[in-house]
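Based on the sequences and whatever the hints tell you, model everything.
Protein chains in written order, with the numbering used here: chain Y, 8 to 462; chain B, 508 to 949.
Don't take every hint at face value.
[Stated by the list, open to error] In silico DMTMM-like links for lysine to aspartate or glutamate, alpha-carbon gap of 25 angstroms or less: (1) Y:K217 x Y:D410; (2) B:K843 x Y:E148; (3) Y:K319 x B:D634.
[Stated by the list, open to error] Among the chain Y residues that face chain B by a calculated CB cut under 10 angstroms, a handful are: (4) L103; (5) N168; (6) T272.
[Claimed, not checked] Covered by chain B, according to a simulated footprint, are these stretches of chain Y (three or more residues, beta-carbon under 8 angstroms): (7) 55-62; (8) 305-312; (9) 319-326; (10) 378-391.
Calculated directly from the structure, the hints in this document are not laboratory data. Each residue gets a CB set at the ideal place from its N, CA and C atoms; glycine is no exception.
In case you want the letters, here they are:
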Amino acid sequence: MSRRPVTRMVMLIGAALVGLSALPAAAMPIGQVTGASGVAAWLVEDHSLPVVTLAFSFAGGAALDPAGKEGTASMAAALLDEGAGSYDSTAYQRRLGELAGELEFAAGEDELSGSLRMLSRNLTETADLLRVALKEPRFAEDAVERIRADTIAMLARQARNPRSLAGRLWMRDAFEDHPYGKDSDGTPASVAAITRADLADFVARHVHQKDLVVSAVGDITAAELSGLLDRVFGSLPPGDQSKDDGAEIAEARPGDAGALVVSRTPVPQSAVSFGEAGPKRDDPDWYAAYVVNDILGGGGFRGRLMKEIREKRGLAYGVSTALVPYRHAGLIFGSIATENSRVAESIALIRAEWQRMREDGPSEAELRDAKAYLAGSFPFTLDSTRRIAGVLVQMQTDKLGIDYLDRRASLIEGVTLDEARRVARRLFDPARLSFAVVGDPAGLESTRPPREAPH
Amino acid sequence: MAIACSVLLVAIAAESPARAQHFDAESFSLANGLQVVVLPNHRVPAVTQMVWYKAGAADDPRGKSGSAHFLEHLMFKGTAAHPPGDFGALISQGGGRSNAFTTEDYTVFHETVARDQLDLVMQLEADRMTGLVLNDAVVVPERAVVLEERRTRIDNDPSALLREQLTANLFLNASARVPAIGWEGEIRRLGTADALHFYRDWYMPNNAILIVAGDADAALVRRLAEKNFGPLAARALPARVRLDEPEHRAAIRLEMTSERVAQPSWRRLYLAPSHRAGATGQAYALEVLAEILGGGADSRLYRALVLDGGLALSARADYAANTIGLSSFAISATPKAGVAVGELEKAVEAQLNRLTEEGVDTGEVRRAEQRMQAAAIYAHDSLSGPADIVGAALAIGQTLDDVALWPDRIGAVTPAEIAAAARAVLILRNSATGILLPEHSS
Chain Y
8 MSRRPVTRMV
18 MLIGAALVGL
28 SALPAAAMPI
38 GQVTGASGVA
48 AWLVEDHSLP
58 VVTLAFSFAG
68 GAALDPAGKE
78 GTASMAAALL
88 DEGAGSYDST
98 AYQRRLGELA
108 GELEFAAGED
118 ELSGSLRMLS
128 RNLTETADLL
138 RVALKEPRFA
148 EDAVERIRAD
158 TIAMLARQAR
168 NPRSLAGRLW
178 MRDAFEDHPY
188 GKDSDGTPAS
198 VAAITRADLA
208 DFVARHVHQK
218 DLVVSAVGDI
228 TAAELSGLLD
238 RVFGSLPPGD
248 QSKDDGAEIA
258 EARPGDAGAL
268 VVSRTPVPQS
278 AVSFGEAGPK
288 RDDPDWYAAY
298 VVNDILGGGG
308 FRGRLMKEIR
318 EKRGLAYGVS
328 TALVPYRHAG
338 LIFGSIATEN
348 SRVAESIALI
358 RAEWQRMRED
368 GPSEAELRDA
378 KAYLAGSFPF
388 TLDSTRRIAG
398 VLVQMQTDKL
408 GIDYLDRRAS
418 LIEGVTLDEA
428 RRVARRLFDP
438 ARLSFAVVGD
448 PAGLESTRPP
458 REAPH
Chain B
508 MAIACSVLLV
518 AIAAESPARA
528 QHFDAESFSL
538 ANGLQVVVLP
548 NHRVPAVTQM
558 VWYKAGAADD
568 PRGKSGSAHF
578 LEHLMFKGTA
588 AHPPGDFGAL
598 ISQGGGRSNA
608 FTTEDYTVFH
618 ETVARDQLDL
628 VMQLEADRMT
638 GLVLNDAVVV
648 PERAVVLEER
658 RTRIDNDPSA
668 LLREQLTANL
678 FLNASARVPA
688 IGWEGEIRRL
698 GTADALHFYR
708 DWYMPNNAIL
718 IVAGDADAAL
728 VRRLAEKNFG
738 PLAARALPAR
748 VRLDEPEHRA
758 AIRLEMTSER
768 VAQPSWRRLY
778 LAPSHRAGAT
788 GQAYALEVLA
798 EILGGGADSR
808 LYRALVLDGG
818 LALSARADYA
828 ANTIGLSSFA
838 ISATPKAGVA
848 VGELEKAVEA
858 QLNRLTEEGV
868 DTGEVRRAEQ
878 RMQAAAIYAH
888 DSLSGPADIV
898 GAALAIGQTL
908 DDVALWPDRI
918 GAVTPAEIAA
928 AARAVLILRN
938 SATGILLPEH
948 SS
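Shown next, in the form of structure tokens:
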């Protein structure tokens with residue numbers, strides 16, 4: 008079945024999760040395997056189940072969509088499993104189902120990624136379906152039109168969904184004309200303009216061996232993986248060694264200087280997105296920022312925002328913030344939903360907590376607890392082949408080193424109180440914290456009109 | 508969002524990871540009636556503990572809808588031994604996580620922690636099984652939280668509102684007609700006494716299942732369970748009542764318009780048996796039928812309406828067999844721009860007629876069963892997957908054998924059984940059809 012093109016907000020949340028859970032400390036031996044074709048992968052063997060997950064990422068994503076053709080990367084990702092090689096869409100999906108393969112593609116701002124979970128007894132046959140999807144996608148007219156219609160319908164749905172609308176408004180205002188400010192799924196007009204040639208061109212530009220990152224986890228040996236890498240990726244074009252897909256995108260500092268924009272719509276609850284600039288993944292302050300963010304906006308009941316807004320006052324079901332690192336920008340970004348009559352109170356509390364964290368930083372006890380949680384929780388999440396494979400791809404993309412899992416806990420535990428306070432002052436600035444509100448909030452007016460969505 | 512309260516899992520559909528083989532489960536009971544299941548998994552040095560209370564939204568007292576779910580939230584508000592905030596702090600200090608959810612038939616609390624914290628989380632769950640302390644100071648703000656949760660999940664979303672209305676209209680009498688989160692007006696009137704009433708009725712060792720999945724063995728779990736839960740006394744338990752349906756005399760049809768709707772959608776629910784209610788012998792066949800009819804890109808509805816007919820953007824079927832009361836068999840579809848809902852409905856009905864007249868063929872049955880059995884293998888590929896499956900079965904009165912035999916029973920379903928189940932269930936007067944339209948097109 009076609010994957011719904013991945014929305015901006017889904018990508019934000021996905022990126023946030025990856026950024027947040029910046030990796031483990033479990034004793035998990037990671038091997039490096041290189042096929043005869045030169046394609047390399049990181050491998051964690053686990054023969055306790057007859058299951059293998061292969062995960063991969065190609066550099067270059069939605070941020071590189073041509074002007075007027077926004078949505079190209081997302082649409083290409085949705086079409087790769089809609090017919091390839093000798094299979095039309097129906098035959099492809101039927102074969103995948105017979106083999107019990109689970110294949111996913113997703114276009115992010117900076118990459119095209121995917122994963123294939125398969126039964127080890129069907130390894131070769133299932134992997135062959137991935138090979139043809141990458142090498143010989145058909146982009147047949149009926150499939151292209153079907154996914155186009157699906158995408159346009161999804162955009163219309165999201166345009167009426169308060170939560171996704173608030174996220175889009177915020178991103179548009181923060182990044183303006185930068186590619187990250189554009190909706191990675193495109194607009195109805197840009198999606199209508201995408202041709203089969205554009206989709207084929209996207210694959211030609213990005214699906215190649217250079218800047219390909221691969222991982223495999225599960226019931227597969229190094230020798231088997233070596234052969235599989237050649238089989239799946241070995242016949243892809245090598246790619247231009249002199250070119251770095253995505254490097255040409257400008258660095259951006261998101262920010263809307265403390266603006267608050269309201270998009271009025273008659274729903275009982277206002278959805279709010281908020282945030283400001285944050286660190287990129289390679290920022291020297293990353294780990295301090297990661298810990299301080301958790302103290303302010305951590306999930307569960309750990310964060311100050313959750314305590315003040317939910318526990319003490321019952322203003323929202325949830326409120327959290329996350330670091331969202333893109334290749335060319337970083338964000339600290341959060342969301343909340345509160346009934347219209349009290350949303351102004353929620354926003355005032357967020358601003359006050361932003362200010363308090365800036366001025367005083369965390370307490371020693373808060374820092375200790377957050378570090379213990381962030382260092383300790385991650386290994387427990389490495390419980391599925393898919394999860395581990397995704398982490399191994401992210402580690403390679405972020406150039407964290409193959410020993411990163413062994414170092415992660417000490418990187419977090421090494422954050423000092425002075426450092427945390429310094430980074431809190433750098434990270435949290437109420438004067439730069441901006442809000443986008445969708446709903447019918449009482450007592451809130453825009454500081455300037457929302458920017459119109461392009462059509 | 509990992510919020511320590513409540514994800515309302517209303518109906519887990521046919522395409523969810525299925526129940527699976529044996530999971531190397533070991534099971535025993537304490538003298539006070541607490542049922543314990545151990546599911547070993549040594550991939551990570553962690554354990555997931557789950558406590559399943561056999562009480563859910565369908566056990567809410569009449570006029571007090573939302574009680575089970577409200578209590579789920581309030582279970583994090585502390586005991587005499589552990590004041591508010593203590594529970595979460597103790598668990599997160601070691602990197603652990605906790606959460607909870609409520610469905611029609613059960614309320615579940617779970618923690619994932621390092622294996623050496625198992626004793627701690629057992630102490631905490633045993634403590635709050637009977638020691639909860641509530642007062643208006645913690646209850647009143649939490650009621651506001653639940654109302655915000657309802658607005659987020661339902662009131663802000665027209666399609667969720669219509670689904671809620673449709674379910675309430677399908678079931679004329681059965682308990683499942685009431686939404687698990689509760690009707691807004693009734694949530695507003697829930698108070699401390701209501702929560703404590705539900706708590707005292709249902710929260711006791713003889714109405715709970717303790718599941719420990721992960722890096723622990725049965726001997727250790729038994730020792731810790733005896734130590735922590737053993738001292739709690741069994742108490743008298745109310746009967747769980749699931750109301751039956753009267754004969755349905757007329758098909759139900761709802762049409763809702765909203766300016767929040769971007770495009771029309773169509774959904775139909777048919778009354779259906781479950782593993783525990785109605786013609787239970789049809790439940791496995793209905794699970795396979797949902798997969799054949801609407802379980803993905805190779806399903807009949809998807810092929811006919813989306814791929815070949817070009818009428819729909821999506822088409823699917825969903826059926827949850829694991830409920831104590833009656834269930835529903837759901838079909839939903841979204842028309843393509845320019846296709847009238849009525850035209851789409853005719854096309855769906857043509858497929859349903861073809862199904863009841865001609866039955867299903869051996870090849871599609873085999874493919875569907877293979878996909879479902881593979882899902883059962885993949886269910887092992889996480890710490891919580893097996894625990895979720897085992898808990899959901901035991902909490903409605905199934906056995907570990909039922910769990911273990913599920914793939915075989917699915918594989919044994921024949922085309923004739925599927926056709927018979929389709930004819931028994933896909934009857935128009937036992938259905939409720941809901942149409943959601945944009946404001947301007949009505």
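Evaluation of the provided hints:
1. Y:K217 x Y:D410: Judged against 25 angstroms, a Cα distance of about 23 angstroms means the pair holds.
2. B:K843 x Y:E148: holds (17 angstroms)
3. Y:K319 x B:D634: Answer holds: K319 (chain Y) to D634 (chain B) is near 24 angstroms, not above 25 angstroms.
4. L103: With a minimum Cβ separation of about 8 angstroms from chain B (threshold 10 angstroms), the hint on L103 (chain Y) holds.
5. N168: holds (8 angstroms)
6. T272: holds (8 angstroms)
7. 55-62: holds (count 4)
8. 305-312: holds (count 4)
9. 319-326: With 7 residues closer than 8 angstroms to chain B, the stretch 319-326 of chain Y meets the three-residue bar; holds.
10. 378-391: holds (count 12)
Of the numbered hints stated above, none is contradicted by the structure.
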